[in-house]
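Undergrad: Sequence:
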Amino acid sequence: MNTGWHNNLKRKLVAVLSLLLLAGTATYAQQKNINSIAQDSALYNVFDSFSVANTKVISIVHLGDSHVQAGYFPLATASLLQQEFGSAGRGYVFPYNLAGTNGPEDFRWNSTVRWQSERVVDRNKSPMLGPGGIVLISQNDAPTLSFTGKQDATMDNNFRRVKLLYDAGNTNNSLVAPDANVSIASVADAGSPTLNLATLDFPQTAQTFQARWEGTGNGQFRFYGAVMENGNNGILYNSIGINGAMYQQYNEISNTLLTQMAVLQPQLVIISLGTNEAYGKLDPLAFRNEIDKAVTLIREHNPNVNILLTTPPDCMKAVKTAHRKKVGKKYRTTYTTKYYPNPYISMVTQQIMGYAREHGIASWNFNAVNKEQKDRFAGGWAPDHIHFNVRGYQMQGQLLFEALNQSYTHYIQQVKKNSLTSNVQR
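Under mature numbering (1 follows the signal peptide of the UniProt record, and there is no 0), read the sequence shown as residues -28 to -1, 1 to 398, first letter to last.
Be aware that one or more of the hints could be misleading.
Said to hold, decoys possible - No farther apart than 16 Å at their CA atoms in a straight line, the calculated lysine to aspartate or glutamate pairs in the EDC-like style are these: (1) K265 - E330; (2) K28 - E56; (3) K97 - E224.
Unchecked claim - Label-pair distances were calculated between CB atoms; the ranges are: (4) S23 - T308: 50 to 58 Å; (5) T120 - K302: 52 to 60 Å; (6) E224 - K389: 40 to 48 Å; (7) D94 - T27: 39 to 47 Å; (8) T120 - T143: 26 to 34 Å; (9) A114 - E374: 47 to 55 Å; (10) D124 - V387: 33 to 41 Å; (11) E374 - N17: 17 to 25 Å; (12) Y311 - Q370: 19 to 27 Å; (13) E56 - K389: 15 to 23 Å; (14) K388 - I6: 20 to 28 Å; (15) S98 - K346: 39 to 47 Å; (16) Y307 - Q345: 28 to 36 Å.
Simulated from the structure, these hints should not be mistaken for laboratory data.
Using N, Cα and C, we set each Cβ at its ideal position, and we do this for glycine too.
Start from the sequences and build out the full structure, keeping to the hints where you can.
TA: Structure representation (structure tokens):
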């Protein structure tokens, strides 16, 4: 065999494959539309997990404000990801209805006792608010909760395992859950020595459960939410949003992010914040610093997590104008409302994208997508032109999935090309 000829052919094949790889990368860059993930190589660890999603549970946390709390936006993304990579369950859920606020409509909680609530946005709040940035509080010595998931909902509400996060303030309490095998463990490094995680294992798939605590005493019983798992591999999408929330508030109550890392153990954290900062006194550098605080805290407690920052919608500012008109002998005042672009939304967007670019973090510029597709979103706004209606949020969720899936597809193509090049070099 002519070794020189063989080596020469080998070198030519490697060169051709390298050119094809470069050409493919260039073509991908040219074809990459505005609905894309910047610095998407920062997501390659979680993309690697996506490629073997049938063998493991992949936890995702989607953290945000009112755009996330209502559920339509994150659940649209979640359902599409689970269709593509499998569903590991409903993920994090909280009794928003018992707290007197809105939440996803595919489940409901009930209780025989009265509850109070605290949120990260409240002026007077305790330092421990759990992974959802919200807590239910009861003084009852035997609090009860029941959960019912709706059938045929966007998300699969079937579960085989439920994890309940709570703090009874003592270690002498017990938990009873009919038809479930109950095990209780303390949560380390989460800010409270009496914080517990109860795991309820059910013999068969269910959509409803009841839980009753006994021996909690006369002190405060605090409930932080539940995580629903169906026993399958795939995506476990934990949607966490609080109306009015900002980066600063999640940073101030840092145990919220800390508990998310400890209990939910995400491989990907998606952060959709910035809208509320744009409607207050915005200091761009201070805002950028708050982004850095959140990212740093998350990485301190979960060094291997991938992070995706997103920018807010192209929200407007409403300006009301008074008009006085004489009707008979009296004057009547009427108002007209006009909507104008909020310049601070652009500043927030620039800071998020700039920070992500500087630190090599993946980012999705939904603000730019929203502007480019303004005709498509024309019927998707709520009357305040700050929030979307259901259709608008579902479009936003679909667009996020499409951007993620585009980057994932490119990742798989790169892996295959690198593997082919490596085989030829051998």
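Undergrad: Hints first: check each against the structure and report whether it holds.
TA: Hint-by-hint comparison with the structure:
{"no.": "1", "hint": "K265 - E330", "result": "holds, 15 Å"}
{"no.": "2", "hint": "K28 - E56", "result": "holds, 14 Å"}
{"no.": "3", "hint": "K97 - E224", "result": "holds, 11 Å"}
{"no.": "4", "hint": "S23 - T308: 50 to 58 Å", "result": "holds, 55 Å"}
{"no.": "5", "hint": "T120 - K302: 52 to 60 Å", "result": "holds, 54 Å"}
{"no.": "6", "hint": "E224 - K389: 40 to 48 Å", "result": "holds, 46 Å"}
{"no.": "7", "hint": "D94 - T27: 39 to 47 Å", "result": "holds, 42 Å"}
{"no.": "8", "hint": "T120 - T143: 26 to 34 Å", "result": "holds, 30 Å"}
{"no.": "9", "hint": "A114 - E374: 47 to 55 Å", "result": "holds, 48 Å"}
{"no.": "10", "hint": "D124 - V387: 33 to 41 Å", "result": "holds, 37 Å"}
{"no.": "11", "hint": "E374 - N17: 17 to 25 Å", "result": "holds, 21 Å"}
{"no.": "12", "hint": "Y311 - Q370: 19 to 27 Å", "result": "holds, 25 Å"}
{"no.": "13", "hint": "E56 - K389: 15 to 23 Å", "result": "holds, 22 Å"}
{"no.": "14", "hint": "K388 - I6: 20 to 28 Å", "result": "holds, 26 Å"}
{"no.": "15", "hint": "S98 - K346: 39 to 47 Å", "result": "holds, 43 Å"}
{"no.": "16", "hint": "Y307 - Q345: 28 to 36 Å", "result": "holds, 31 Å"}
Consistency with the previously given hints is maintained throughout, with no hint failing.
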